[in-house]
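Asks: Since the structure of chain A is provided, determine the placement of chain B with the ligands on it from the hints.
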Amino acid sequence: MQVITYREALNQALSEEMERDERVFLCGEEVAEYDGAYKVSQGLLKKFGPKRVIDTPISETGFTGLGIGAAMYGLRPVVEFMTWSFSLVCYDQIINNAAQVRYMSGGQFSVPIVFRGSSGGGLQVGATHSHTPENWYANVPALTVITPAFPDDAKGLLKSAIRSNNPVCFIENEKLYGYKDEVPEGEHLIPIGKGKIRRAGNDVTIISNSGSTHRALAAAKLLAEDNIDAEVIDLRTIKPLDFDLIAESVVKTNRVVIVEENKPYAGWGAQVTYEIQKLLFDHLDAPVNRITSLDVPQPYNGKLEQSVLPNEERIIAGVRETLA
Amino acid sequence: MPTADKATKKGQSLSNSSILPPLDPQGKLQLYRQMLLIRRFEEKAAQAFQQAKIKGFCHLYIGQEAVAVGTISTLTAEDAVITAYRDHGHALARGMDANSCMAELFGKITGCSRGKGGSMHFFSAEKHFYGGHGIVGGQSALGIGLAFGQKYLNTGRVTICYLGDGAINQGAFHESLNIAALWKLPIIYVIENNGYAMGTSVARSSAGDPLVKRADGYDMAGLIADGMDIDDVRAKTAEAVNLARTESLPTLMEIRTYRYRGHSMSDPGNYRTREEIEKYKKFDPILLYRTRLLDDKVTTDDALEAIDKEVTAEAQAAYDFADKSEDPAFETVYEDIFAPEDQIDEIPRRNLPL
Ligand SMILES: Cc1ncc(C[n+]2csc(CCOP(=O)(O)OP(=O)(O)O)c2C)c(N)n1
Ligand SMILES: [Mg+2]
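So the protein lines, in turn, are chains A and B.
Heads up: the first sequence begins at 0 in numbering that gives the first Met the number 0, then just goes up one per residue.
Heads up: the second sequence begins at 0 in numbering that gives the first Met the number 0, then just goes up one per residue.
Treat the hints with care, since some could be wrong.
[As the list claims (entries may be wrong)] With beta-carbon atoms standing in for the labels, derived distance ranges:
#1 A:L283 to B:I346: 21 to 29 Å
#2 B:E274 to A:R22: 38 to 46 Å
#3 B:E330 to A:K50: 53 to 61 Å
#4 B:L351 to A:S104: 49 to 57 Å
#5 A:K38 to B:P20: 47 to 55 Å
#6 B:I18 to A:K46: 55 to 63 Å
#7 A:K50 to B:D295: 53 to 61 Å
#8 B:I336 to A:L283: 29 to 37 Å
#9 A:R22 to B:P209: 32 to 40 Å
These aren't lab readings, by the way, just hints derived from the structure by calculation.
We put the beta carbon where it would ideally sit given N, CA and C, even for glycine.
Only chain B is shown next, with the shape it has when bound in the complex:
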């Protein structure tokens, strides 16, 4: 069991033994299902984007599924999750309904943000999913606010705040790390190091390797996990969550992963080679887990195929639902600006004789 003292050891794993209870076969299949649902959902989204049913920016999560699913699987349903604009995977892993996520991408009134947010701005109060944030690094400060609230109200809950390898160079992130450590806030920052910030490789944007070293200066625990291996992600995250939950201490995690697709749907991706992408596909998190489940005789090929059929159907159903849903009515542009119980309308004009 990691203690606060051990945890502050610079940029190292807290311990090797996992504090997670072992998963039963059903639990394992559930993880597999969630990762595959994200993959199939994103493939559908890519298709819908090409059909111009989704507009604006659309950042896909394909390749990174084990990060969202693995980390969130160590939380309770009441813990808080907040992330950046590449948010579809986290939303689905958080248990948000694929229909409402796809409908948001289509800009429909049935979307999780009523068609107002779009791909980058998913939200669900019910699922303790605090967004979906478009400004790089901005969510890192909101994250300590959530954790502050959790501590202030004695909830026993914790926050996971995700950000990219590029986002760690924003001032807001550093200010937040300092406050998190200084005030002992129950937050886990997860750097999803997918190697690139748009077309800029980590080496060209970030001084210091590994990135998790940035925890050192703040005497904060640091952990590195293999983002292609969901078991490793879960084991490491569980330690951080435990530290936050039991001792109200923050952790910085660097989870190494890879995105197969362009930065967004409009990125041709000329900054890396096809070979590089193919190389990473050999470590595909879903493939890796599938192989492990089969090797460990947890399940059968047929059972996994059945799961694939199910989630493929779920993604298709989400597409159909989104497609059939209505656009928001014009009047809705004026809704959600002020608290309805405190609606601030234009001050009515007295009918002065003019």
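Isolated chain A (complex conformation):
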């Protein structure tokens, strides 16, 4: 099997879907001639031409609304945000338009659009550029929220997202673009709304997504040296939530630690915690623990930022607390 980066996996998904369906186009800042700020769209302009790979002005409200309108008109846009932090400029378009049009029109209009781009902290780019917005969008009915952690999921889920007839927020992680792994060649679809066990274990269930899955796996490895056998679930899709996968694991381990980069208040882990206590109360041997970013804006200083993020040290402490 080919071993490619997360970035290349996304690129393959875009390329294959554009090849398959003429209605798919990509627009965003620097996606064409610059080959993408993070090179996700590398080579696509050359392959598909400027009609379908389109550089936009720095006008997030304009080109996002354009995408939504084009989707209502029957096209299948992929709108790139250089980072999801900049999607805040057009929050209104995504929430009031993309997410409400089908409902408000009594089902007359489909909005088959993918919003995608990088996200996450840890790169020392400060408070305005380091957002992890999956919980903000997961809070909106009618939006699908996908956050792949591995190259194969990046490819398979992006292809599914582009084929979905619903608006999808596809939230990539900047720190993962260079991550390499095996990815199936050609047609490869991962179903939206299915999590995956990335490490099997019996003592505790760690639930995570995106960059946090990698932190959780690293912590699990260290815990194993101490004979603590953690199971790591990568949710892959935040909404809809694969609760069955969680339930199977929790019934086995009876202990849960959630690892998420969201700030704590109403992060997605709060919702997952609610579902677990509601449906699996009798299976819990300890309260559900959550390791999140600290409830502060993102500092620039590298040491401070690392302590704000859900680092391995805090995950390990959280697991120990749950097992105590």
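Replies: For chain B with the ligands alone, coordinates are given in the frame of chain A:
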């Protein structure tokens, strides 16, 4: 003297004669010194970035020095300045200390934002420098807020708000222009047209040339200045400042300049040719001013060399200061979130018997 009526003439210079009092030789050398300090500071920053002492994004101002220095030199110390993420030059021109600026780049507690903001988010309340803003175009709306405050409180002060040629395509900018004109706010918007927004040339991103025409629709004064010529920048800005100060009217300025370095330190810059960059270096604002000072016999080669030595030492001292400064202590992550006098802590838990 421009009047409001004349000023609303579409996209044209208000007048050709400068309303600025002529500078004495010392004043001229001061401008030269400021531009050169920015240049040397940025060169040091580039070096520190390469040494991984500066992380994240670092957008250098090299090539654009005459814009910040020229415009800010027409303000009083109490006027307000606000800009985007390419903010080191404006901060230094505003009189912020090179040490605290470099320390901010290094993320140290001695930095102008206590190591929390980084390159894109410099601030100084003392110097009326309202940031350093990372979201493209976002500061244009804050700018009218500052100007609104100045008018509301009858301060007689004005605001300069800088933004890039790419930023003018944000909705926030257009909304702000309309409000500025409608409410007659004392603000000068300076479009620093350096030809590119990242890898996108102006022609590929912005309809309408010159960019300053965007003032027309709002019946706002418009001015174009040559950003490589600090005297031209000063003369034009002075008119706009005068209009804001005396009649509380906004102006949109387009100052044409060029950045020599990549968009940020991580930009290879494949979208333009080496020849293009070399061509602009012939119009280097510092070189141009140097030649003028010598031609006009304002100063001597030796004196200018001495200035270079001084500011080079100042940049090096800033580097050393930043390098030696401490990282912020962990506890500082919880500081500066709420007003200290109104600190909102987590509500203490009563010790209920659980
Ligand atoms: C809302 C938003 N979109 C995109 C970006 C990414 N970005 C940062 S700078 C930049 C280009 C801006 O160019 P310009 O306004 O010409 O300013 P210059 O960098 O030339 O000073 C872009 C696209 C951002 N910071 N904020
Ligand atoms: Mg520019």
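Asks: Look at each hint and say if it fits the structure.
Replies: Hint by hint, here is what the structure shows:
| no. | hint | verdict |
| --- | --- | --- |
| 1 | A:L283 to B:I346: 21 to 29 Å | 26 Å, holds |
| 2 | B:E274 to A:R22: 38 to 46 Å | 41 Å, holds |
| 3 | B:E330 to A:K50: 53 to 61 Å | 55 Å, holds |
| 4 | B:L351 to A:S104: 49 to 57 Å | 51 Å, holds |
| 5 | A:K38 to B:P20: 47 to 55 Å | 52 Å, holds |
| 6 | B:I18 to A:K46: 55 to 63 Å | 56 Å, holds |
| 7 | A:K50 to B:D295: 53 to 61 Å | 55 Å, holds |
| 8 | B:I336 to A:L283: 29 to 37 Å | 33 Å, holds |
| 9 | A:R22 to B:P209: 32 to 40 Å | 38 Å, holds |
Violated hints for the displayed structure: none, as all numbered hints are satisfied.
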